[in-house]
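Undergrad: Spelled out from the first residue to the last, the chains are:
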Amino acid sequence: MTTGPPAMLELKGVHAVYGKKIRALKGVCLEVRAGEVVALIGNNGAGKTTIMKTVAGLLKPEKGVVRFQGRDLPGLPPDQIMRMGLSLVPEGRRIFSRLSVMENLEMGAYSRREKDLSREYDHVFHLFPVLGKRRSQLGGTLSGGEQQMLAMGRALMAAPKLLMLDEPSMGLAPVVVDKIFEIIELINKEGVTVFLVEQNAKRALRASARAYVLETGEIVAAADSAALLKDPAVQKAYLGL
Amino acid sequence: MLIQQLVNALTLGAIYSLIALGYTLVYGILAMINFAHSEVLMLGAFMALGLAALLPAIFGTGVVGLVGMFILSMAGAGVINVLVERFAYRPLRHISRLAPLISAIGVSIILQNGVFLWISTQSLRFPEPVAIGQVPVFGATISTLQITILAAALILMGLLHFFVERTKLGKAMRACSDDIQTAGLMGINPDYIIALTFFIGGALGGAAGVLYGMNYGSIKYNLGFLPGAKAFTAAVLGGIGNIRGAVLGGFILGILEVLASGYIPNGAQWRDVIAFTVLIIVLLVRPSGLLGEKIAEKV
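Going line by line, the protein sequences match chains A and B.
Numbering-wise (the working numbering), the first sequence opens with residue 120 and increments by one.
Numbering-wise (the working numbering), the second sequence opens with residue 67 and increments by one.
None of these hints come from the bench; they were simulated from the model.
A portion of the hints provided could be inaccurate.
What the hints assert, rightly or not - Not the full set, but computed from the structure, chain A residues with beta-carbon under 7 Å of chain B:
id	residue
1	Met226
2	Gly227
3	Asp350
Ideal placement from N, C-alpha and C gives every residue a C-beta, glycine not left out.
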C-alpha cells in the first residue's frame with residue numbers, strides 16, 4: 120500500500136487519553152488518500168470515535184502526528200480544522216434540534232463566503248429529497264434516519280474535501296442504512312474523500328476500498344476491504360460468520 | 067385606575083425583560099448565571115449620566131442627543147460585559163462549573179465598590195431626557211416618559227428577535243446554545259459567538275439601566291442589585307435560556323408587582339417579597355419555567 124497519491128489524512132503513532140485515565144489510542148498509524156473511501160472498523164470501545172475526535176480537533180492527542188494535506192492539526196481548534204476542508208459528521212448525528220432543517224443546512228455552510236448557495240441546497244435536496252419536504256421543520260422533530268441525512272447534508276454544505284462519518288448507520292433501519300451507503304458512494308464519485316467509522320463491519324467493508332481494524336486502541340489489520348471480508352479472523356470477530 | 071396601573075406595570079415589566087434577556091442569552095450558551103449582569107446595568111445608567119452632561123454640547127438636547135446617549139451607553143455596557151467575560155470567566159471556563167460563578171460574584175462586588183469609591187456614594191439625579199408631558203388615554207394619564215421607555219424597550223426586543231431569527235450570526239448563536247461543540251465542527255468559532263452574546267446581553271442590560279434611571283430620576287451605585295435579582299427571577303419564571311420566556315417573565319413580574327402594590331393593602335411594601343415568592347413557587351412547581359424545556363443533561 121505504498122503506491123498511489125500522497126496521503127490526504129495521515130496519522131502516525133497517535134496516542135490519546137480519553138477522560139482522565141483511559142488510554143484510548145496506543146500508537147495509531149493510518150492514512151486516507153485523496154479520492155478513497157476508507158473504513159475503520161472495530162468493536163464498541165475500541166477507540167474509533169476517539170480517532171475521529173482527535174482528527175477533528177475535539178480531542179488533543181498526547182503525542183503523535185496528525186496531518187491533513189501536509190498541515191499539522193493537533194492544537195488547532197475544531198473550527199479552524201473544519202475550514203481546511205475536513206468535515207466530521209459526529210456520532211449520534213448531533214443536529215441542532217431547535218433549528219429548522221434549513222437553518223441546520225445554513226449552519227453547515229457557515230464557513231462559506233458566497234452569498235448564493237442555492238446550488239448547494241439543491242444538491243443536498245437532490246441527494247436527500249425528504250429534507251426538501253421538511254425544510255421548516257425543527258431538527259429535533261425528525262426521525263433518526265432523517266437526522267442522519269440532515270447531518271450528512273449539513274456537512275456537505277461546506278463542500279468538504281474529506282468527509283468523516285462516525286457510525287452513520289447507528290440505530291437505523293436496514294432500508295435507511297442502504298440509502299445512507301448509496302449516498303456515501305455517490306458523494307465519493309463526486310470527488311469527496313470519505314473516511315468512515317463503523318461498527319457495522321460488513322456494510323463498511325462493502326462500501327470501502329481499504330479498511331483498518333482497530334482493537335483496544337491499536338490497529339491490528341490494514342488491507343483492502345475485499346481481502347478483509349474474506350479474512351477468517353475478521354469474519355469471526357466482526358462479521359458474525 | 068386599572069389602565070394607569072397597567073401602563074406602570076408594562077413600563078416596569080419592559081425594563082425587567084431587557085435585563086432578563088441578558089441573563090438568559092448568556093445562560094443559553096454557557097449554562098452560567100452572570101451575576102455581574104446587575105452591575106453592567108448600573109454602569110449603563112452611570113455612563114448615560116456622564117454622557118448626558120457631555121452630549122448636549124455636541125448633539126443638542128433633542129432626540130438626537132437622547133438616542134446618542136442611549137446607543138453609546140449600550141455600547142459601553144456591552145464592551146464592559148465582553149471584558150468581564152474575557153478576563154473573569156473565560157480563563158475559568160474549563161476548570162469547573164462553579165469557578166466562573168464565584169468569579170462573577172467577585173466581579174459584581176468589584177464593579178459596585180469601584181463606583182461607590184470613585185464616583186459617588188450617594189444618589190445622583192438623573193436628568194430628564196425629554197420634557198415630560200401627560201397624555202390622557204381612556205381616562206388615565208400616561209406620561210410621555212413611560213411611552214418612551216416602553217417604545218425603546220419594544221424596539222430593542224424587536225431588533226433582538228430579528229437578529230436571532232434572521233441573521234447568520236444570530237442563527238450561529240442559537241446553534242451554539244443548542245450544541246456548542248458541534249457548532250465548532252461547522253466552522254463557528256465558539257469564543258467569538260460567546261463574546262458577541264455577552265456584548266448583546268450587556269448592551270440590553272445597559273439600555274435597561276438607562277431606562278431605569280429615566281424612570282426613577284435618580285441613580286446610585288447599588289441600583290443594579292434589586293432589578294437584577296428580579297430580572298433573574300423573571301428569566302427563571304419564563305424558562306432560563308429561552309428568549310421569549312425572558313420577555314414573558316419580565317412582563318408577568320412587572321404586572322404582578324404593580325397590581326399587588328396597587329390593590330393589596332400596604333402592597334407597595336410587599337412588592338419585593340412578591341417577586342421572590344414567585345421565584346420560589348416557580349422553582350417548586352415548574353423548575354424549567356413557563357416556556358423552558360425539560361432540563362436535559364448536556365452530554
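Undergrad: Would you check whether methionine 226/A satisfies its interface hint, that is, whether its CB is within less than 7 Å of any CB in chain B?
TA: Cβ of methionine 226/A sits 5 Å from chain B, so the hint holds.
Undergrad: Please check whether glycine 227/A passes as an interface residue: C-beta within 7 Å of a C-beta belonging to chain B.
TA: holds, 6 Å
Undergrad: If you take the shortest Cβ to Cβ gap from aspartate 350/A to chain B, is it below 7 Å?
TA: For aspartate 350/A, the interface hint is violated, since the closest Cβ of chain B sits about 34 Å away, which is over 7 Å.
Checked against the numbered hints given earlier, the structure breaks only hint 3 and satisfies all the rest.
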